[in-house]
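> So the protein lines, in turn, are chains A and B. Under the numbering used here, the letters of the first sequence match residues 319 to 623, in that order. Under the numbering used here, the letters of the second sequence match residues 2 to 218, in that order.
Source of the hints: derived by calculation from the structure; they are not laboratory data. The model shown is predicted, which means the values in this text are computed figures rather than measured ones. Hints may be right or wrong, so weigh each one.
Claimed, not checked - Lysine to any residue pairs mimicking SDA-like chemistry, simulated, CA-CA at most 20 Å apart:
(1) B:K178 x A:E603
(2) B:K195 x A:E602
(3) A:K470 x B:F140
(4) A:K550 x A:E602
(5) A:K470 x B:A138
(6) B:K12 x B:K115
(7) A:K575 x B:K195
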Amino acid sequence: MQSQDIIRRSATNGITPSPQARSHTEEVAKLIDVTLCTGCKGCQVACSEWNDLRDEVGENVGVYDNPADLTPETWTVIRFDEVEDESGKLEWLLRKEGCMHCADPGCLKACPSPGAIVQFANGIVDFQSDQCIGCGYCVAGCPFDVPRISKKDNRAYKCTLCADRVAVGQEPACVKTCPTGAISFGSKADMKQLAANRVEELKGRGHEGAGLYDPAGVGGTHVMYVLTHADKPQMYHRLPADPYISPIVRGWKEWLKPVGALGFVATLAGAFAHYVGVGPNTTEEIEHEEPVLPPSDETTSEERV
Amino acid sequence: MDTKKAFLRTKFFDRMCHWTMVACFFLVAMSGLSWFFPSLNWLGSVLGTPQTARVLHPFLGTVVFGLLVIMFFRFVHHNLPVRTDIIWFRNVIGVLMNRHGDNLRIGKYNAGQKILFWGIMSLISVLFMTGIVAWRAYFAAYFPIPVIRVALLAHSLAGLALILLVIGHIYMGLWVKGSITGMLTGYVSRAWAKQHHDRWYEEKIASSSETPSKPHS
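Next comes chain B alone, as it looks inside the complex (with noise of 0.2 Å):
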């Protein structure tokens, strides 16, 4: 993409953040799902024998929220709400029908993916949380079993409200064409921009124009 005239999204560190979080959350939701859904147990062979899986699994997991809590610092900023955000409610169905055209006033992300953020953010801390609690060989022994019960039905809830959440995630960089090379490269075109992120697309503009000036990505 031609650098001058495309729109930096994404920088590198984030990027490879959200790659390699990817990586390990992938393998970790195939093991988690393997023991959720016994009936699909060879998912759980992304990370080898049943025994190497739940040896692996907890401390990928752990790579997965440290990662995220990197990137909560380096997008919270972007996601907290904002009153604009009422336009995109109020037009979600046009949005989800393809409809372009509107005004909505989307900053950086718009209030569904600020929704995404905030529900990525609080069911890793529990799935972390809870994780602790069922850890064998290190951190389960410390808690009464009652404890640990209720720790493994609300990990459970958690992790499949995550990957349901992220196939959502997976689904719109999809369906929205662009999304996935900007993930991958960083950058958006113009076009994409406004017709996506109308007010992060103006702040861009109007922060190039006048120059110098604090880059807004």
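Just chain A, with the same shape it has in the complex (with noise of 0.2 Å):
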């Protein structure tokens, strides 16, 4: 994608707008159907292949998540959680894990390192790395836990929802690898109405739960989930029922922000309001009980001034 393409910039000023000439790009999204998914984890072969990422090879920790979590190198990995609904029927959900792509992402406006993350139009939150300076304020921005910072380069990574194969009209690795078609990808609207006949569908099967997750908290996702319980979605790896920035990330950034440059400037005034009204507070150098001699020449201007 190109520099117009870039509708929001991380450390930016409202008043310096990004180029909005395409602003009305189509939104692209991302449909995980979550009922769908084998856990073969092709999608994380996918993405590390086209991304071109060689995690460690890592350990088994007892569970089949591998690798156990995100990692600077691993930008997707799927998560399996065993469930025992009231009956005691167990089940076995399965939630690809990665960035969401949140329209208000908490990444971007945490960033302290101007264009570092960029929103593109259509949708796609991306971090251009040779612009993060590795404070990690993301990690703190984000609602669902996603940047990992490297501990080689210090530096934020993520799943960039494959920006440069859908730049040239391409779905991302993970969907076009994905053996039994449980990730899609397309327009928003498009993907909204694909999830629309397919919670329809599982309703019918008795799955009253069912339903799609595209959270309004975050101004909604260009990552979706169609989940068997989307009433409880914590269910599947304690994904957040009700996503949003954080209150002390957006009091730190829109309250704390304006109120302090006020702070500074009545400060600042107050001082030179201060001097020019009062003058400045000097000293008479005449002492009754003992004369001082003449202090060097240096002194009794620094002191007369």
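Since each chain comes alone in its own frame, lean on the hints to assemble the complex.
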């Protein structure tokens, strides 16, 4: 994608908006239907291949999640959760975890480096790694705990939604490779329609809680899930039911910043007005008890000023 | 300055502590502001590229903290509240309006300077602790994300408050003629001492007349 496609960039004042010429571009979305996922991890491999990532081969920690977590070189991981319902029936819930590409990205809000995080007109949120300073604010800003800071270069990494592939009309690598068709890609409107059809089908089969995960708290996401238990998304490896940018991060970025600016203006203006109004606080070098010997010229001038 | 007639107000070691800290604080404050107000991103250039600034900021901040810890122990006994501080508070308007001549019973530091002292010491402690929590590559990974969020907010708040306090401190130095020279050379004139710190002046006179005696500086 080109610079004209960047509609929002981190640490950039609102009075200097990003290019808007292509803001009419259709928003894209990836739809992950967890009911069709078999946990084969083909998407993980395709992601590593396309993005040319070489994570270290880890160790089995006793669960199927492998690697055990997202890392700077693993941008997507299949999560396996064993859950028992009220009747004691076991369910094996799988979820492909990765960046959700929020419409209102917490990482972008928190980032202090101008242009290190950008949002493209099609909705993709991408890290411009050369601009990244490695402060980790994006980690604090993200409501989904997605960005990871590399120990090798101290920069943040996450899923790019294969922005390079999407730019030339291709679907992300994970979508291309998924053997069960659990991952679809297209315009956000189409994906919502596809999800609605699938949810209806699932409900018809008795999955009353089925639904689309497209959380409004972050303005919707450009990675969405069809969940069998959309009423209880936490069951899918702590997927937040109502994600939103932390009020602490908002307070820091939206409230404290203008208050701080005002504090600076008031302090500097107050000091200046005081000096102009009251004048310098000088000392008359007169001593009655004992006449002070005239100090060196330097001091005299200093203390008379 | 004629050091026989002037008073030694700040010793060489303390002056060096102060000015080394000033240099480090300037760099830390500028880089910190560059991230808090991204429109003032250029302020961070005092430490090179945005990346080098990010690497150096916490180390320099630690130096500031360390120097302030030393200065805390060297200055705290002059900055404990005393009964006569109330006189300064009652006359604060007159002090700020540049009215001299009142006998305000001010010791080595006036009540306003004591507030500054405790303000700086408490804020740098908050900055140090929250800075550790947010320090990437070394410590941040050991803290849960909600804790890091609180730390970042508290760090910004304390940083702002400290910078504003320091602006006030710098202004007072510029306003009260003779004080910057005092911090550079260590010496202030007797008239300066009498005008701004009358009780300290009397103590110095008393200790210099009854020789030998303990230095009060």
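> A separate judgement is required for each hint: does it hold in the structure or not?
Hint check:
no. : hint            : verdict
1   : B:K178 x A:E603 : holds (12 Å)
2   : B:K195 x A:E602 : holds (11 Å)
3   : A:K470 x B:F140 : holds (16 Å)
4   : A:K550 x A:E602 : violated (78 Å)
5   : A:K470 x B:A138 : holds (10 Å)
6   : B:K12 x B:K115  : holds (19 Å)
7   : A:K575 x B:K195 : violated (43 Å)
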